[in-house]
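Asker: Input sequences plus hints: build the corresponding full structure.
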Amino acid sequence: MSEAVSLGGEPILRTKGLTKQFGGLVAVSDVSLDLYVGEVHVVIGPNGAGKSTLTNLLSGDLPPTSGEVRFEGNDIAGCSADHISRLGIGRSYQKTNIFLPFTVFENCRLAAQSRTPHALRVFHRAGGYAEINRLAGEAMAAAGLAHRAERIAATLSHGEQRQLEIAMCLATQPRLLLFDEPLAGMGPHESQRMVELIKGLTADHAIMLIEHDMDAVFALADRLTVMVNGEVLESGTPEDVRSSPAVQLAYLGGEEILHD
Amino acid sequence: MDFAFFLIQLLNGLQYGLLLFLVASGLTLIFGIMGIINLAHGSFYMVGAYLAWSLSAMTGSLTAAILLAIPLTVILGMGLERLLFRHLYQRDHLYQVLLTYGLILVFEELRSMIWGDDVHGVAVPELLNASIPLTDNLSYPVYRLAISGVCLLLAAALYFLIQKTRLGMMIRAGASNRDMVQSLGIDIKLIYTLVFALGIALAAFAGMINSPLSSVFPNMGSQVLIICFVVVVIGGIGSVKGAMAASLMIGLAETFGQVLVPEVAGTIVYVLMAIVLVWRPEGLFGKG
Amino acid sequence: MNFRAADYLPWLVIGLLALFPLVESTFYMQLLTKVLIMAIFAMSLDLLVGYTGLVSFGHAAYFGLAGYALALMAPQYEAVSLWWSLPAAVGICALFALVTGVLVLRTRGIYFIMVTLAFAQMLFFIFHDTKIGGGSDGIYIYVKPTMKSGEVELANLEKIEHFYWLVLALMAATFLLLRRVLGSTFGRALVGIKVNEHRMRALGFPVFRYQLASFTLSGALAGIAGYLAAVQYGFVNPEILSWHQSGAVLMIVILGGMGTLYGSVIGAFAFVLLQEILSNQAWFGAAAKHWQLALGIFIMLVALYLPQGLAGLLRQSGRKAAAETTDE
Numbered sequence: 001m002s003e004a005v006s007l008g009g010e011p012i013l014r015t016k017g018l019t020k021q022f023g024g025l026v027a028v029s030d031v032s033l034d035l036y037v038g039e040v041h042v043v044i045g046p047n048g049a050g051k052s053t054l055t056n057l058l059s060g061d062l063p064p065t066s067g068e069v070r071f072e073g074n075d076i077a078g079c080s081a082d083h084i085s086r087l088g089i090g091r092s093y094q095k096t097n098i099f100l101p102f103t104v105f106e107n108c109r110l111a112a113q114s115r116t117p118h119a120l121r122v123f124h125r126a127g128g129y130a131e132i133n134r135l136a137g138e139a140m141a142a143a144g145l146a147h148r149a150e151r152i153a154a155t156l157s158h159g160e161q162r163q164l165e166i167a168m169c170l171a172t173q174p175r176l177l178l179f180d181e182p183l184a185g186m187g188p189h190e191s192q193r194m195v196e197l198i199k200g201l202t203a204d205h206a207i208m209l210i211e212h213d214m215d216a217v218f219a220l221a222d223r224l225t226v227m228v229n230g231e232v233l234e235s236g237t238p239e240d241v242r243s244s245p246a247v248q249l250a251y252l253g254g255e256e257i258l259h260d
Numbered sequence: 001m002d003f004a005f006f007l008i009q010l011l012n013g014l015q016y017g018l019l020l021f022l023v024a025s026g027l028t029l030i031f032g033i034m035g036i037i038n039l040a041h042g043s044f045y046m047v048g049a050y051l052a053w054s055l056s057a058m059t060g061s062l063t064a065a066i067l068l069a070i071p072l073t074v075i076l077g078m079g080l081e082r083l084l085f086r087h088l089y090q091r092d093h094l095y096q097v098l099l100t101y102g103l104i105l106v107f108e109e110l111r112s113m114i115w116g117d118d119v120h121g122v123a124v125p126e127l128l129n130a131s132i133p134l135t136d137n138l139s140y141p142v143y144r145l146a147i148s149g150v151c152l153l154l155a156a157a158l159y160f161l162i163q164k165t166r167l168g169m170m171i172r173a174g175a176s177n178r179d180m181v182q183s184l185g186i187d188i189k190l191i192y193t194l195v196f197a198l199g200i201a202l203a204a205f206a207g208m209i210n211s212p213l214s215s216v217f218p219n220m221g222s223q224v225l226i227i228c229f230v231v232v233v234i235g236g237i238g239s240v241k242g243a244m245a246a247s248l249m250i251g252l253a254e255t256f257g258q259v260l261v262p263e264v265a266g267t268i269v270y271v272l273m274a275i276v277l278v279w280r281p282e283g284l285f286g287k288g
Numbered sequence: 001m002n003f004r005a006a007d008y009l010p011w012l013v014i015g016l017l018a019l020f021p022l023v024e025s026t027f028y029m030q031l032l033t034k035v036l037i038m039a040i041f042a043m044s045l046d047l048l049v050g051y052t053g054l055v056s057f058g059h060a061a062y063f064g065l066a067g068y069a070l071a072l073m074a075p076q077y078e079a080v081s082l083w084w085s086l087p088a089a090v091g092i093c094a095l096f097a098l099v100t101g102v103l104v105l106r107t108r109g110i111y112f113i114m115v116t117l118a119f120a121q122m123l124f125f126i127f128h129d130t131k132i133g134g135g136s137d138g139i140y141i142y143v144k145p146t147m148k149s150g151e152v153e154l155a156n157l158e159k160i161e162h163f164y165w166l167v168l169a170l171m172a173a174t175f176l177l178l179r180r181v182l183g184s185t186f187g188r189a190l191v192g193i194k195v196n197e198h199r200m201r202a203l204g205f206p207v208f209r210y211q212l213a214s215f216t217l218s219g220a221l222a223g224i225a226g227y228l229a230a231v232q233y234g235f236v237n238p239e240i241l242s243w244h245q246s247g248a249v250l251m252i253v254i255l256g257g258m259g260t261l262y263g264s265v266i267g268a269f270a271f272v273l274l275q276e277i278l279s280n281q282a283w284f285g286a287a288a289k290h291w292q293l294a295l296g297i298f299i300m301l302v303a304l305y306l307p308q309g310l311a312g313l314l315r316q317s318g319r320k321a322a323a324e325t326t327d328e
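Residue numbers (this note's numbering), protein chains in the order written: chain C, 1 to 260; chain F, 1 to 288; chain P, 1 to 328.
Any given hint could turn out to be false.
What the hints assert, rightly or not - If you want the ones that stay clear, here's a sample from chain P, every Cβ over 12 Å from chain F, calculated:
hint : residue
1    : 111
2    : 124
3    : 131
4    : 196
5    : 291
Said to hold, decoys possible - List time: in silico DMTMM-like cross-link candidates among lysine to aspartate or glutamate, alpha-carbon distance up to 20 Å:
hint : chain 1 : residue 1 : chain 2 : residue 2
6    : P       : 289       : F       : 282
7    : P       : 144       : P       : 78
8    : P       : 289       : F       : 118
9    : C       : 95        : P       : 197
10   : P       : 148       : P       : 158
11   : P       : 289       : F       : 117
12   : P       : 131       : F       : 263
13   : C       : 95        : C       : 61
14   : C       : 199       : C       : 160
15   : C       : 16        : C       : 61
16   : C       : 16        : C       : 75
17   : F       : 241       : F       : 282
Please keep in mind that the hints were generated in silico from the structure rather than gathered at the bench.
Ideal Cβ positions, reconstructed from N, Cα and C, are used throughout, including at glycine.
Answerer: What follows is the structure in structure tokens.
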């Protein structure tokens, strides 16, 4: 294991022995990892390695079977998704998951609204909260969608929808971001833009990124974890992982696995 | 409560439960496999009962009436599936509710126009018109035992059909993966038509065999329908096994409830449902 | 249509409706009262179906419960004050909705439809099988509630035009209240839940609490309608809770166009008038006896061919007209 890029201090999120079983199938097995603010931690592995399940465990979409998840010191394993989101963990989905009939702005406004204590005030016009509107606007701008504010989300291009997904995450002001294949289905140009976008977020966020695109992986990763069959095969700096014999044998040598 | 009395209530409860199973199993299959909520399912129970009454009046024999009525209800089911229900598979449940609610009104009015609004009794077949004495003044009618027997046979046949035959395999595959079945070159449309007709025929058959016990009367379908909803909710959508367990549970609960606490008997089944919802929202045998 | 017209249209319609008793006879005023009561009922359901994405098929439970609450609160031959009996009836409905809501909201989709129906049936059987509410015969409400300020009578509900105005005022209040609520952050969150419940949860919204609040408000508003219906008819019986009542109000919401509020008002007009026309013996003679056949076919046709309802039809023709004017 390497401490090369650790900026020191406590990890913002730490899992210990995290395990998820579906019936007899072990999707995530005994995973322990640390995420730090200022770092992009990329998780790679073949399809079915348990990467998305891992994300779901951290975001509360699924409850773990056993193990510990500590976020800023508090155990959040088994907490509901909305609770975890309010604690400061934002996530994007592998399959675009946005409000298709709403405008880009309304998508972001709703996301920002979830952070305010006004949520159950039923008599004030929703558009009248300057703070919510400001957060939504900033998130759109950060994700490069400011010029699309009034477009209906369903009419955006695929790449823009992926950007919107990120913008909604940002509008909830998370400290930890979980991105599940944000580049999926994107062309080279769009991918480049997304990589820049994620890079720009690194300074004040902790980011866990699941990605298949190897160019993006090595462009972004401060730390790399390889998962196979639900288990962590290797974890460390990209250089360490690249030179690990186990990984070379099982993964990086087999080009065909990389690209499916 | 002495033992003979208890035995009678137990047999009644089981018989009622098994009858509910016939109606509820069709409902749950149609829910589970086709994703359709069919409020008009109870109307087919009513149609079965009225057919049994009018055909047995014509032929003089309930058995003959049932043999004649079964193909009629199968044809009715297939026809309605092609004409109406087929347009609903991809639609929101909301519209399924609305369409099948409209269908109930149509069935009730047609029933009123064809058969009138009176209550009619149906004679028990001669052969089964007997009682088994239990004590000096208590006895148990053979016909009720016969109904239970037929229901058990049908349940076994249904189990065999779904678990052991090729058609059943396709039905089960269709429940989990519509596209996969279609890509195997299996005619999903035909399977849907068959499942729907099977469900309808089961409900109608329940109405037929129960007509001597319940007599036939307007709106008899809605009562059964709503109890069967409760059965499906408790058992878990799409689970025939669950439908069986829940039917027997409800049958016994309602029968004993009526004897022991008649004022609240009508609400017992809903209390049961509420308990199951708190404990297992997806039903006893539902997929979580 | 410009922005201002859309803003003032509801007031214009309410104003015109308020003038109605000056020109029309008893029969039509009573019919219109019935329409307005159903409009309140339908708007309360639209909050669930059209805005929160919850298809309830047991909404008659709250409608009927408020009616029974009034009947049971009112001394048999004396008037009860509207000032406390209406809030009490509505409060009881809200409470019942809150309790059933906790249970039914554990389910989704087909389950939700069946479970809401089942709870409404439970209430039906409670009132049908026990003596609490007079069994299947129900209870008469011989004297209408009073509206007094001190010793001054503000309105006499025995007079049909006074009652009509009360119903109209409550309909307008319900409409404006719901419009306000739906425009708030709370309302936006509800629509978000309807569109994508999963995403709302991931964004940090406690979805269940929002749905429960919506369910409770919806039950309470249905209670206003049920209270008024009981006052209008002068009796309650289990039919007021029956699933035909739930089916009818769902039909009104769809027919009018769900998720529009004003569609519920249009739908109530269309549905009540349609019932009135189809069952008119002067026009249809003996066939009028079987008017439910025509109604059933009509409902099926709406489900198949008019999923967006009359409001959708209006919007479509509005768009068409707009497209034609820009073409020129």
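Asker: Indicate, hint by hint, whether the structure satisfies it.
Answerer: Verification of the hints:
1. 111: violated, 6 Å
2. 124: violated, 8 Å
3. 131: violated, 8 Å
4. 196: holds, 15 Å
5. 291: Per Cβ check, residue 291(P) is inside 12 Å of chain F; nearest 8 Å; violated.
6. 289(P) to 282(F): The hint is violated at about 43 Å.
7. 144(P) to 78(P): holds, 9 Å
8. 289(P) to 118(F): Given that 20 Å is the threshold and the Cα spacing comes to 16 Å, the pair holds.
9. 95(C) to 197(P): Roughly 15 Å between the alpha carbons, so the hint for residue 95(C) and residue 197(P) holds.
10. 148(P) to 158(P): holds, 13 Å
11. 289(P) to 117(F): Judged against 20 Å, a Cα distance of about 12 Å means the pair holds.
12. 131(P) to 263(F): Answer holds: residue 131(P) to residue 263(F) is near 9 Å, not above 20 Å.
13. 95(C) to 61(C): OK: residue 95(C) and residue 61(C) at ~14 Å, within 20 Å.
14. 199(C) to 160(C): holds, 18 Å
15. 16(C) to 61(C): holds, 18 Å
16. 16(C) to 75(C): Given pair residue 16(C), residue 75(C) holds - Cα atoms ~11 Å apart, limit 20 Å.
17. 241(F) to 282(F): It holds: about 14 Å lies between the C-alpha atoms, which stays within 20 Å.
In terms of the numbered hints stated before, the structure departs from hints 1, 2, 3, 5, 6, listed from lowest to highest.
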